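Residue numbers (this note's numbering), protein chains in the order written: chain A, 147 to 339; chain B, 783 to 1019; chain C, 7 to 587; chain D, 6 to 272.
Don't read these hints as lab results, they were simulated from the structure.
Nothing here was measured: the structure is a model prediction, and the numbers come from that model.
Treat the hints with care, since some could be wrong.
No more than 27 angstroms apart at the CA atoms, straight line, and that leaves these computed lysine-lysine pairs for DSSO-like [said to hold, decoys possible]:
id	chain 1	residue 1	chain 2	residue 2
1	D	Lys266	B	Lys824
2	D	Lys82	D	Lys112
3	D	Lys268	B	Lys824
4	D	Lys268	C	Lys460
5	B	Lys883	D	Lys266
6	B	Lys928	C	Lys72
7	B	Lys1008	B	Lys996
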Amino acid sequence: MSTAVLPPAPTLPGRSVATADGGPERRVAETGVWIAIGTISMSFAALTSALVVRQSSGADWQHLHLPALLYVNTLVLLFSSMTLELSRRRLGSFGLHATLILGILFLVGQGLAWRQLAAQNLHLATGPSSAFFYVFTVLHALHVLGGLGGLGLVERRLAAGALSRTTFKAAALYWHFMALLWLYLLALLTIRG
Amino acid sequence: MVKKEEGSDRALHRGIGVGGGPPPPPAGTISGKVTYTGTLPKVRPIDMSKEPNCVTQHPTPVTTQDAVTGPGNSVRYVVVYVSAGDQGAPAATDTVHYDQKGCLYIPHVAAMQVHQPLEIFNDDPHSHNIHPLARVNPEWNKSQPKGAPPIRTAWDQPEFIPVKCNVHPWMHGYFAVLATSHFGVTDSTGEFSITGLPAGTYTVTAWHERFGTKSQEVTVGGSETKTANFVLTARPY
Amino acid sequence: MTHGVTTAHAQPQSFLRRHVFSVDHKVIGRQYLDLALVAVVTGMVLSWIMRFHLGWPETPVPGLGKLAPTGAAGGVITPEYYLALMTMHGTIMVFFVLTTAPFAGFGNFFLPLHVGAEDMAFPRINMMSFWVTLLAFLVLLSAFFIGDGPPLSGWTAYAPLSAVGKDAGPGQGVGQTLWAVSIAMFCVAQLLGSLNFIATTLDLRTRGMSLARLPFATWAWFITSVIGLIAFAVLMPACILLILDRVAGTSFFIPAGLVISDRLQPHAGGSPLLWQHLFWFFGHPEVYIAILPGFGIVSQILPVFARKPLLGPRVFIVCLIAIAFLSYTVWGHHMFLSGMNPVSATLFSVPTLVITIPATIICLLWIGTLYGARLRFTAAALFALGFVSVFVSGGISGFFLAQPSTDIYLHGTYFVVAHFHFVMGVAAMFGIFAGTYFWFPKMFGRMMNETLGKWHFWLTFIGVYCVFMPMHYLGLAGNVRRYSAFTDDYLQPLIPLHRFITIAALFTGAVQLIFLYNLIRSRLRGPVAPANPWEATTLEWSTSSPPPHDNFGGHPPVVTHGPNEFGGAGPRDYVMQAEPQ
Amino acid sequence: MGKLFAVVVTLIALASATIFALHIWWVPPDISTHGSRIDRQLNETMVVAGVLFVGAQLALAFFVWRFGASATARPIKSFPGGPTPMVVLATVLVGAEILVLTLVGSKVWADVYQTPPAPGALQIEMQAEQFAFYFRYAGADGRFGAMHPELMNDASENFFGLDLANDTTARDDIVVGSLVIPVNQPIVLRMHSKDVNHSFYVPELRIQQDIVPGLVIPLHFTATTPGKYELVCTQLCGLGHYNMRAFVEVKTRSDFDQWLKEKAAAL
């Protein structure tokens, strides 16, 4: 079992932050995000199965009509993914700023959607569909908030000229996943909610 | 442990706490009888079979206690108390005993003034649970295993508190916590008396856990004894 | 595969940053182990009180009346207090001992050393993971002092008992909410920890450290992390739903029309079985989270003291992976009698039985490793051998519980208590003890006292059999578990056996004082440990005891050998992983 | 040290197994029609598990005895054939056992839980609550009154929430705190829970089933021996869990009819 081919000896500085590709630290960031994506997916899968079970356990499920604002928010989030991707490819800060602003806009939009529902007297405890709606959207919003924090860090490093491509890639990966997760949730809540 | 069954029966009739000290000024008494009209709910035997040593404590089967009546349509366990017009009196300070014996609460209804000390005993050879389902006062829920010391407590707010043993579902009773120290609980012949009343006009209320409440005004002067009878309406279900 | 060297951070100078809020995986590993030690002592004391009560229910426990004036007035334990102790015992042991010590504790300390890294992939997240765990522990313990005391719904917290609030009994108010919050926090902490373990194993291996050369314990921690990543990711949202049912008036787990303490509950439509599914989807893998690190530790220790390679190292790894995979298909065996569709019982039974195959293979590999060995009986070796014995004992009783037809009779009895205490409690504890005796020199730079260690082993080994073997008999006689007193007529003849178990449990617990004494004394006064006292092969033994801040003194090792090279001819019968070829 | 370990492990294994084998503590006599098959499954599993248990412990003891450190200079030996025999042994032995146990066992399980009850079975309703069981017989009209949670009232012994004021089918329902059944009569027990999870366990009947609030779980069985047995709760349900029990009285047909008549008359 000792026949593994050894790679060439590494010639890396102890604390690698350069933009050159392939350093372990940056790779770690990407691995970390992939693992996080796995575990977040699992949590939402668990909640999805909870929704399915809950739907069949009681006769009190009433379809929740999603506020139209959510579709606007969806576009905002998708657009933010695009600006982030542009920024990442060119290492430019404009797209990154745009993403941050759009991300905040998305959260504000979600907050408005919650207020719209509350105005219709649809609260967390009103019924199972509204309960799941709030659980899903609030948890997603919290994860988006975490993503915004990550992007803020990327922005700071970029400004300091200490950003590695793969750190940026990792942050972008997470942000795209947030958009993808949102599309999934939107579909789930539209169809089963 | 002291046998308290007789003592508790005494507690049923007692008006205010009678302490030592100088003889009280002349005081009036309101006494009377509580009866019912209407159809009584069915009295059902209590099935205690899950707790055999409680079954053996009762040679004759015990029946539900939420509507206990006696001869002449009299109603037992009615709390009669001064609900308005009370001129204040020394607070009741003697201890109210509440026993758990043979898987029953003795007495079924214990009346007491706010802050009056209450002691709860377990006379059975097994564990009991006392769960006063209070809403105004803080609710609590404690078990009292065999050999555990009595629970000493008191209530701060007037409230009729249903008491439940979580371990033995059929065990139900009441703590009637009253603002006044002028109260009585009807005995097996439906009679009560409220003593130690200074001259004045009082609103007297009778409360029963199933038959509701009735009130009337009674004026007492000097050391006379006034009669106040109550007729409650029974419903079969 | 890539190379180590990366996350190096300079050693901080302030005391707080070095020893308390440290990002050094070694400090964090020790902190986890210290937390587990506090937790295990707490959990054990709770079990003493419980066992004492079961043997002599009406005898006041000396001093307890003062500590718990509500739960045990005059020292006489109330039924609710017994259940509160039981809930806290189970929760503390499963989460804060069996998960933290073998996995988070030893894993944190040794996984980076094993792969030749200077630290974990994300040291700050690592530190956060520990502090959140500690906070979760404190939140759980606070239930003793707030409101009506700890919850009484057991470590499984079945809804609706756990979901409806204080009407369900004392401790079901604030206590149960604290429990759910604590567990949700614990999940977050372990997710962060697992993320670190996986990233470190994948990305921070030093030069030459192929996956095939990973030490067995690290393989086990790695696989455990993958299990944990999925399991805790399910329990956390489940806890959130439980908290919402309790405080926000939702009805995820609470059906309509419940009357509790004479009050009609304002809920409708929820599913109690949903909680059980979510819980056991986590809960059964959690059993493997507790025991797989033990597998790894034993597989790493046995060859060292048998002076020969582990039999079938690749088979061992494959079996670990098989167990991890199967662990997600078996949760329903906890629910044969739960009211779920009886057809699914058979479907869950088959993988449950199949999972015994890899487990059996692993046991046979250990026994086969002993064949032709030159055993050295250190305390660590004895505990590793004892692990094999108790794991076999606990595993075999699983046959009865994996089959729905025999589970009908044994499900809610002490047979189950015996089974899981042997297989995940005692076995995992033996793994922890073996790991402690083995790695103590590396962690603290001092040797433990071997004589005390051996006494500790013998008395514990006999003790645990006296405690848990009779519980099988109780189970066969139909003795129901989670009873605070035995009032049923058919249980009366079993009370003498309960008293025997109580005495054995108090004895076995007292024996642990030897370990505690050894631990403290050796930490302060033990003989100074050499770099490689056991003549072991893995990377941690190539560096000093204890290792320097960056683990390998700025010279990351280059790995040229597997972890399993023992028994060579010549003056030295082993080859270390970082030895030049 | 190795020899000591071997001796201790051997003693523990043999002592434990002997106590099992002598049935010093064992299952109570079976009183159900389906129980003998469960007992057979239990016995077969016990034999197989016992052989595995003793075999594994003795192998461990033997190897430790044989390969203790006494011969330090002796070269080590590899297990003949490497890990393959272990894998084959475990897979074949345990695999065969699993196959047999599953084939037989799933049939036993199916007989208890997946077969419809016999036609003409006696219908009994059960209400489990913190911390007692109550049973309901349909009474003269053969019909059960509907259950209304808002009417459940322990103080007036209305455990099933019967609407006695309006529901005439409910008025003749007989509610008692013991499960009284005629011998050799198939019983269908429809189990409700008023509050939290409970479980129905009568060791002698070889039956155990959780009761889940919100679900009605039917259970069917037939008792074969008259006598008085204990029904206990095996699902943690709160502080009085230990005390949650009822008696099961299996009566001869005539005794049962007599009992039912007395109960109906007392209504």
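Hint-by-hint comparison with the structure:
no., hint, result
1, D:Lys266 <-> B:Lys824, "19 angstroms, holds"
2, D:Lys82 <-> D:Lys112, "47 angstroms, violated"
3, D:Lys268 <-> B:Lys824, "15 angstroms, holds"
4, D:Lys268 <-> C:Lys460, "67 angstroms, violated"
5, B:Lys883 <-> D:Lys266, "31 angstroms, violated"
6, B:Lys928 <-> C:Lys72, "18 angstroms, holds"
7, B:Lys1008 <-> B:Lys996, "17 angstroms, holds"
Figure legend: structure checked against the earlier numbered hints; hints not met, in rising order: 2, 4, 5.
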